[in-house]
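S.K.: For reference, the chains in residue letters:
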Amino acid sequence: MATIREELQAAVKKLFDDDKIDYFVGYAEDYGHTFPAILTKDSDPSRLTFDRKSYDNLANFLPELRGSRVGLICKQCEVRTLNVLAAEEQVERDKLVVVGVPCPAMLDPRKLTEGAADLDSLDESYWQEKCRRCLERNTPLADVFVGERVSTPTPAEGWPLLEEVEKMSAEERLAWWRRQMSLCIRCYACRLACPLCYCHQCFVEDNKPQWIDKSVAPENNLHYHIIRAVHLAGRCIECQECSRVCPVGIPVDVLNNVLSRDFAERFGYVSGETAETQPALTRYERDDKEDFIL
Amino acid sequence: MARVGVFICWCGANIASTVDMEKVTEAAAKLPHVVYATNYKYMCSDPGQKTILDAALEHKLDGIVVAACSPRMHEPTFRAVAAEAGINPYRMQMANIREQCSWVHGDVDEATAKAVDAVRMMVARVAQSLALEPIKVPVTKRALVIGGGIAGIQAALDVADGGVETILVERTPSIGGKMAGLDETFPTLDCSQCILTPKMVDASRSELIKLYTYCEVEKVDGAVGNFKVTIRKKAKYVNTELCNGCGDCWHKCPYKKIPSEFDFGVGNRTAIYVPFPQAVPNIPVIDRETCVFFKTGKCRACEKFCLRGAIDFEQEDEFEEVEVGAIIVATGYDLLDHTQMGEFRYGAIPDVITGLQFERMSSASGPTEGKILRPSNGEEPKVVVFVHCVGSRDENYKEYCSKICCMYSAKHAVILKHRIHDAQAYLFYIDVRAGGKGYEEFWKRACVEEGAEYLRGRVSRVYDEGGKVIVEGQDTLSGEQVEVAADLVVLATAVVPAKGSEELARILGISTDKDGFFNEAHPKLRPVDTATGGIFLAGCCQAPKDIPESVAQGSAAASKTLGLLSKEDITREPTVAVVDPLICTGCWNCVNVCPFGAPEKSEITITVDGKKVTRAVSNINEAKCEGCGLCVATCPGNCIDQRGFSDDQVYAEIGGYLERVRAAKNSD
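Quick note, the sequences are listed as chains A and B, same order.
Residues in the first sequence are numbered from 14 upward in steps of one, following my numbering.
Residues in the second sequence are numbered from 20 upward in steps of one, following my numbering.
Honestly, the hints are just simulated from the structure, not real lab data.
Hints should not be assumed to be uniformly reliable.
Dumping the calculated DSS-like pairs for lysine-lysine here, alpha-carbon to alpha-carbon at most 27 angstroms [unchecked claim]: (1) B:LYS518 / B:LYS252; (2) B:LYS401 / B:LYS487; (3) B:LYS422 / B:LYS518; (4) A:LYS108 / B:LYS631; (5) A:LYS227 / B:LYS684; (6) B:LYS643 / B:LYS631; (7) A:LYS33 / A:LYS54; (8) B:LYS518 / A:LYS302; (9) B:LYS456 / B:LYS422; (10) B:LYS218 / B:LYS252; (11) A:LYS302 / B:LYS238; (12) B:LYS247 / B:LYS620; (13) A:LYS33 / B:LYS631; (14) B:LYS275 / B:LYS518; (15) B:LYS69 / B:LYS79; (16) B:LYS253 / B:LYS271; (17) A:LYS108 / B:LYS620; (18) B:LYS238 / B:LYS275; (19) B:LYS630 / A:LYS54; (20) A:LYS54 / B:LYS631; (21) B:LYS401 / B:LYS390; (22) A:LYS108 / A:LYS124; (23) B:LYS586 / B:LYS247; (24) B:LYS533 / A:LYS302; (25) B:LYS49 / B:LYS79; (26) A:LYS108 / B:LYS630; (27) A:LYS221 / B:LYS487; (28) B:LYS276 / B:LYS323; (29) B:LYS586 / A:LYS33; (30) B:LYS253 / B:LYS229; (31) B:LYS247 / B:LYS160.
What the simulated footprint calls covered on chain B by chain A, stretch by stretch (three residues with Cβ under 8 angstroms from a Cβ of chain A suffice, anywhere in the stretch; the number is not a length) [what the hints assert, rightly or not]: (32) 372 to 379; (33) 651 to 660; (34) 665 to 674.
Beta carbons are placed, not taken as given, at the ideal position from N, Cα and C, and that holds for glycine.
Pulled out of the complex, with its shape left as it was, chain B reads as follows (with noise of 0.2 angstroms):
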C-alpha cells in the first residue's frame, strides 16, 4: 500500500462556497491508501504549503494529492513542495475542483460528492504513479529568426547582442520588410528608411547574425533546445561571392516593365534586380518567371555585362540544414485582398490605391521619388479621400481592428498637406483609434493644423465619373449623406497575416488563430511565447501591430530566446512514451505519426523458443519525445506506454471514478 496524504484547499470561498471541505476530508480519509487528510484555507500559501511539508515527514507519505485548482496554476508549486518533503514530485497530483467542480456547479451536496470522486480518482492515480526523473538535454546555442522585417532585425540584433549566433531567414531578396517601404512614421514624422537601414547594416555587419536572404523555411525537426531545419536557398542566379553590387546587370536588362512588389506595382523593376536602393545585402537575384532568358533561351544581357562573372544560369535551389535552440517569428503581415470588394472598385479605377502604394508614392526613394501623383493621369491630386477600416472592424470580411490604419491615414492626411499644400484631404472612419504615445495630439494636429476634414461614417460607394472618383458615404454625425469628387482615394485595408503564414504554421507545428494569425501561449502573461516550447513571436505575424510594438516584440522575444539558451541544458518533462521492446512488431505506426521523430527504428536480439531472434522494433528518443500521446493511441499492438499517463494510472483513476457506480449500484 501507498501512504498518500490527501490535502484540500478551500480557495478561500472559491471552493469551499461550493463545496464542503469536511465531508471531502472526512471521506479522503477512508480511501484505500490515505494515511493523512486536511483542509486548509490557501494550500498554496506558505502555511499551506508548509502543512503538506510537515504532514509528508510526520507521516512517512510517499505520494500527495492536493484537492485544489487547475494543475495549469498550481502544479509546479506542490511539485515543488513534493520534493522538498523528498516525494518523487511525479508522485503528486492535482485534483481540480475548482475550475472542474466549485466554479461550474451550484448544489453543494452536488458539488461535494463530484469532489469527493475526483479526490478519489487522483489518490488510485498516485498510487499507481511512478517515481519519474526529469530528462536533461543539452541545448543548441545558436538562434533562428524567420522573417527579416523591423521585427525579425530587431529581434537578430538583440539575439546577437546577447553573444548567441543567429540565423536570419528572409524570404526576399532584402531584409529591411514593410518598413524599408515606408515614408514617414507617425507620430514623429521621421523618416523611416533612416531609421531603418542603420539597423539592416547593424545586422549585415554583425558577425553572430547570418543573413539567409532569398530563403524559405522547409523543415523543422526536433523540438525546443534542439531544432533541425531545413532551409531552401532559393537559386538567386547570381553567385553572392563575385558579385559587387554595381548594378550594371539590372541597368542592362531589357524587360524592364515588371510590377515590383516592394513598391506593390506603383514602380517596375527588370527581371534582374534589387527590390530598392539600400537592399541589405546589395545582391541582385534573378526572377526565373519573369527572365527572358528562361522564357525563351535568348538573351543573357546581364550575363554579358557582368565584369565580374557573376551571372550563373546553371544555379539550383540548395537546402541546408541548421541546428538552432530557439526559433523566433517574425513573419508580418499582408493587406487583404480587397479586389474582390465591389464597393471600392479597387483595381479597376487606377486612382483607388492602398495605404502601401501611398507609402511608395510618397516615399523620396520610391519610383515617383516622392511625389504624389495620381495613377491614371500623372497629374497632383487636389482632393484625396482616405477610407478608413476597409475590410477591418467589417463582419463580411475581417472582425478585428487592423490598429494601425487610423494613424497612417492621419499621417497620410499630414504628409498630403505637406507636398501638396493646396490638397484636401477627407478622412472617412468609424472611430479613431489612437492609443499610443503621441498618438490622439497626432491625428488632432491633422485635424487641426493641417485641415484634414473627418467624417465618420462609412463609405458606400466609389465610381468614376469625368476623370473623377465620386466616394459615396454617409456622414452619421451630421447625418447626411457626402459625396466627394476626388482625385485620388486611399484605402486603409485590413491587415492579414503574410501569405504562407498558415503553411509555416504547419511547418512549425504552431496554431493559428481564426484569422491565421499566430498564437500566443497566454493573451496576457504569455505574448511573445508560443504553445510548442523554444518557438517565440513577434510583430505582426501575431496581431497587428505597429513599428515601436513590433520591436519592443522583437526584444521581448530575444529576450526569452537568450534566456532559454543561456541554460547548458534544458530539464524536460519524463511524461515521454517508452516502447516495450518484446512484444513491438515493427510496423513503424508510431514512426509515421509522430509529429516530432522520436520513434526510431531499432533492434533487439531476444531468445524466443530457445532460439535467438533479432526483431526490429521502435526506440523513443526521449531528447525528442514531446509526451503528445499520439504513438501510444497509434500503436495497433499497445506496446507503447507514456510514462505518467500510463494504462495503470489511467485505469486506476477510471476504477476510482467506477467505485461511485459501484456504491450507487449496492444501495440499491
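Just chain A, with the same shape it has in the complex (with noise of 0.2 angstroms):
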C-alpha cells in the first residue's frame, strides 16, 4: 500500500503546515508490527503507516487530548466511537479533523501465522469478525480522504460466537463462562484498550466503598467483566479491541455484544451510529418502551 502511505504522510505535513492541527493521531510501523502513534509537528511523518493490522482505536486516545486540536485516522470503528465521545462530550468534534481511509478489513492476529506472506491478498476467513459486519468501510464525514475508495460487501448479520454461547443450556453456559473467567489474570487491558472507558476513577480501584473483590477468582472476574459490560450498555461500539488484547484469550465482548443487540431490538439503537445519535440511557422519549419492567 505505498500509495495510501504517501498520501496519508503529505495530508498530515499539510495539516501541519497549515497549523491546523495539534497532535496528529494515527500508526506508525516498526519492527514488522503496526502500532499507535502521537506526531507532533515536530515529528518525522514517514513511518506514518495505514495496513491491515492498524488495529488499535485511535479514538481512545481522544480523551486525554481533549482540548487540543487533534487530526486522526478515523475507520468505521473510529467514526462509531467519535460519534459516542462528542455525545458524552468528551471530544469537541469541531477540534478533530478526521483523516478518511478506504478500510481493507483488519486482520485477526490470532489466525495470523508466523510471516505470512501477502496480507493484502489475506480472505474473509482471516478477517476480524467485526469487519464481516461492517457497514461501510469509506470513512463517513471524512474531512480530508486519503486513498482509493473501496467496496463494502453486504454485512454478515449476528455473531456467531454469541450464537454458539446462546445455543448452550444455563449450566453449559455458566461452566463455559467460570472456565473463561479461570483464565483471567485482571491486567485491565480489556479496560484500557475500551475506548469509551474513559473514567478518571474506575470502579474497581474504588475501595470505599469497594464493589468488588480485587483477587483473581473466577467469580471476582465475572464481576468486574460483567459490570464493564453494563457500563458500556448502550455505548459499546463494537470494536472488539478488549477481546483482540486479551492476552488470555477471553471473548470479553461477548457481553457488550448482547447488551448492543438488546439495545437495537428494544430501542431501535445503534450508539455511535451517527454524529446526532446521543446517549441511550441518559435520553428520554415517551414512547420509550417499558415492557421489561416488571
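Assembly of the complex is requested from the two constituent chains, each provided in isolation within its own frame, with the hints serving as guidance.
M.R.: Okay, here's the thing in C-alpha cells:
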C-alpha cells in the first residue's frame, strides 16, 4: 500500500504546515508491527502508515487530548467511537480533523501465522469478526480522505460466538464462562484498550465502598467483566478491541454484543451510528418501551 | 467511635404489643457506638422528648436513633430535639419499627428480631452521618397562576391582596373560564356572570395582577421559591396596545359560521373574535386555523375596517421567561368526550345536548338570548329528559362521581320550568347527591315545587322517532320499564381534567391520579399542596368541584402561596448531591437526567503528574438540587454522592443488617 502511505504522510504534513492541528494520531510501523503513534509538528511523519494490522481504536487517545486540535485516522470503528465520545462531550468535534481511509478490513492476529506472505491478499477467513459486519468501509464524514475508495460487502448478521454461547444450556453456559473467567488475570488490558472506558477513577479501584473483590478468582473476575459490560451498555460500538488485546484470549466482547443487540431490538438504537445519536441511557422519550419493567 | 443514644418508643400498644421493648433495648445497648439505650411509652410526648434531651446531655451523645414510627410522622419532632441537645439534626435517624414492623407482623419474636435489625442498621448509619447545615435560598416574591377560571381568578386576587405580584396565565382569549358561560347558579339561582364579572374586572384592574391571556406555560425550571417559567404568548394578530375593542373587526369578518368554543357549538363566532361580550381583556384574537386570509391569502377585511390599524398579520408566537416563587395550578375541567358512548347517540341526534350546552342556551347573554330551543328545529321543548351520571359512576368510563351534576341537573329542571311554564322535566338518576349548604333543600324544591319528575334508574337507549327523542330506561323503584318521548335530552356528562393537563403535569413535575386529576400531597391534611414544593392546586384540576369549593380552594392556595412568599428566604434540605471534581469526567449524564437543572457545567484546574490540567467537570447548584438522587445513580464514574444518603451511610446500613446474617452463619 505504498500509495496510501504516501498520501497519508503528505496529508498529515499539510495539516501541520497549515497549522490545523496540534497532534496527529495515526499508526506507525516498526519491527514488522503496526502500532499507534501520536505525532506533533516536529515529529517525523515518514513512519506513518495504514495497513491491515492497524488494529488499535485510535479514538482511545482522544479524551486525554481533550482541548487540543487533533487530527486522526478514522476507520468506521473510530467514527462510531467519535460519535459516542462527542455525544458524551468527551471530544469537541470541531477541534478534530478526521482523516478518512478506505478500510481493507483488519486481520485477526490470532489467525495469522508467523511470517504470513502477502497480507493484502488474505481472504475473509482471516478477517476480524467485526469487519464482516462493517456498514461502511470508506470513512463517513471525513474531513480529508486518502487512498482509493473501496466497496463495502453486504454486512454479516449476528455474532457467531454469541450465537454459539446462547445455544448452550444455562449450566453449560455458566461452566463455559467459569472456564473463561478462570483464565482472566485482571491485567485490565480490556479496560485500557476500550475507547469508551475513560473514567478518571474506575470502580475497580474504589475502596470506599469497595464494589468488587480485587483478588483474581473466577467469581470476582466475572463480577468485574459484568459490571464493565453494563457500564458500556448502550455505548459499546463493538470494535472488539477488548477481546483482541486480551493476553489470555477471553472473548470479553460477547457480553457487550448481547447488550448491543438488546438495545437494537428494544430501542432501535445503534450506539454511535450517526453524529446526532444521543446516549441511550440518558435520553428519555415518552414512547420508550417499558415492557421489560416488571 | 461515635456516641449514639437509642430511644425506643412503645407508641402505646402500637409497637409494644408486638415488639419486646426490653429485648430491643438490651440488644441496642450492646451495639458498637451505643452508649445509652432506653424505652418509653410515647417518645414523641413532652416527657419522651425530655428523656432524649436529658440523656443527650448526660451521656454527651453525638448521635441519636429513635426507633418509633415512620420518619414521615415525627422526623421533624426529633430533629428539633437533637438540635436542642446541641446535636446536628442530621445525626438523628429514625428506625421505623411501627409501619414497617409492628403493624405488619404478628409474631413477637420475629418482630422483635426485625426491630433489632432496624435499630442496628440505623446506629451504623448514624455513626457514618455527617453534620449537615440547611441551605438557605432567597425567595422570588412573585406568584404564577395557571388558568383563569373562577379558582384561578380568586387565587390571583387573594395573592395580589396580600401584596404579591401575580401572573395569571390563561390559554383562551379571556379569563372567566367555564363559570363565565353558566346561567344561574345553584342553589341560590343568582346569575353566574353577574357575580363573576366583577371579579374579572378586579383582576384586570389590579396593579399587582398581570394578565397573560391567550398564553400557555411552555416550560418550568427551578424549584420552590425560584421557578423560571417560560410562557408562550400565542400570536393574537392584534396589537393589544392599539386595539380598543370597538368590535368593528369581528362585525366585518365575513367568516361567521365557526362553532364557538365558548358556546360549546351552540352558537357561532367569527374568525376574529372575543369569546363573549364581557371578555377580559376585551381584545379580539384571530384564529389562524379558520381565518380566510391565513388559508387563502385574501380577505384582510378586519384590517381594512380597523380604524386604529391594530391588526397585525405578521405577529408570531413570542416567549417570555418569568421568575416566580410559587405556582398555583387552576386548569379546570372539560366534559368527557362521550360521542363514543353509543347509548346516548350524542352527536348523532341534534336534540341530545350536554349540560354545558344547556347552560349556554339558557344564559341570557348566550347565543339564543336565554331561550331554550331544540337544536333540530328551533322550537321550544315541552318534554325534557335530564340524564345523570353520563360516564360518571360507570366502571366502563369513569368510576368517580362528578359531584356537580346532581345539582346542576336539578337547577336545569328549575330553570326549564321558569322559562317554559308548561314544560315537564324528567330526571334519570342513580342517587341524588346533595351534600352542600342548601343543596338538599334545592333539589327538593325542584321535585316538589317545580314538578320535576325524578326516575331512579339508568337510561338504556336513546333513539329518534317521529321528530321525538325516545329515552328508554328503568325505574328501579317501581320496577317498571319507562319510555319518555322527549323533545330535548340533556346529558350530565362526566367531568374530566382539562385537555392538556397531562402535558402540564409533566412540565410542572407533579403527578396525576388514574383519571388524570392532579394529585394533592395528602388527601386529607394537605389538599391544596402538591408533592412538589411551591406548587399548589385550586379548583377542578384536582377533582370535580362546584363554584364555592373552587373559590375556597383558590383562596386556600393563595394563602399557602402568601405563607411561602412572606419569607425572605426558604430553608432547603441539605440532602443534596455533591460532585467529586477530581474524578468527574464531564460526561454530563447528570446534566441530561436532572429534572431540576441542578448540575451545571464548570471547570477545575488541577495538577496531574506535575502538569496543570483544566478539566470540564459537573458542579451541583445546591439551590436547585431537590435531592432526588437521579444523578447519583446515573453517574458512570460514581463521582456523585448525596449528602445524608452517602455511599458510606447506605453501606454501613446494609452492613448493619448483614450482621444478623453473619451471626446466623456463625451459630450454624
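S.K.: Take the hints in turn and mark each one as holding or not.
M.R.: Status of each hint after checking the structure:
no.: 1; hint: B:LYS518 / B:LYS252; result: 18 angstroms, holds
no.: 2; hint: B:LYS401 / B:LYS487; result: 11 angstroms, holds
no.: 3; hint: B:LYS422 / B:LYS518; result: 19 angstroms, holds
no.: 4; hint: A:LYS108 / B:LYS631; result: 21 angstroms, holds
no.: 5; hint: A:LYS227 / B:LYS684; result: 24 angstroms, holds
no.: 6; hint: B:LYS643 / B:LYS631; result: 31 angstroms, violated
no.: 7; hint: A:LYS33 / A:LYS54; result: 10 angstroms, holds
no.: 8; hint: B:LYS518 / A:LYS302; result: 25 angstroms, holds
no.: 9; hint: B:LYS456 / B:LYS422; result: 14 angstroms, holds
no.: 10; hint: B:LYS218 / B:LYS252; result: 23 angstroms, holds
no.: 11; hint: A:LYS302 / B:LYS238; result: 25 angstroms, holds
no.: 12; hint: B:LYS247 / B:LYS620; result: 19 angstroms, holds
no.: 13; hint: A:LYS33 / B:LYS631; result: 24 angstroms, holds
no.: 14; hint: B:LYS275 / B:LYS518; result: 26 angstroms, holds
no.: 15; hint: B:LYS69 / B:LYS79; result: 15 angstroms, holds
no.: 16; hint: B:LYS253 / B:LYS271; result: 23 angstroms, holds
no.: 17; hint: A:LYS108 / B:LYS620; result: 19 angstroms, holds
no.: 18; hint: B:LYS238 / B:LYS275; result: 35 angstroms, violated
no.: 19; hint: B:LYS630 / A:LYS54; result: 21 angstroms, holds
no.: 20; hint: A:LYS54 / B:LYS631; result: 22 angstroms, holds
no.: 21; hint: B:LYS401 / B:LYS390; result: 13 angstroms, holds
no.: 22; hint: A:LYS108 / A:LYS124; result: 38 angstroms, violated
no.: 23; hint: B:LYS586 / B:LYS247; result: 19 angstroms, holds
no.: 24; hint: B:LYS533 / A:LYS302; result: 20 angstroms, holds
no.: 25; hint: B:LYS49 / B:LYS79; result: 18 angstroms, holds
no.: 26; hint: A:LYS108 / B:LYS630; result: 22 angstroms, holds
no.: 27; hint: A:LYS221 / B:LYS487; result: 81 angstroms, violated
no.: 28; hint: B:LYS276 / B:LYS323; result: 21 angstroms, holds
no.: 29; hint: B:LYS586 / A:LYS33; result: 57 angstroms, violated
no.: 30; hint: B:LYS253 / B:LYS229; result: 16 angstroms, holds
no.: 31; hint: B:LYS247 / B:LYS160; result: 13 angstroms, holds
no.: 32; hint: 372 to 379; result: violated (count 0)
no.: 33; hint: 651 to 660; result: holds (count 5)
no.: 34; hint: 665 to 674; result: holds (count 3)
Checked against the numbered hints given earlier, this structure breaks hints 6, 18, 22, 27, 29, 32; the rest are met.
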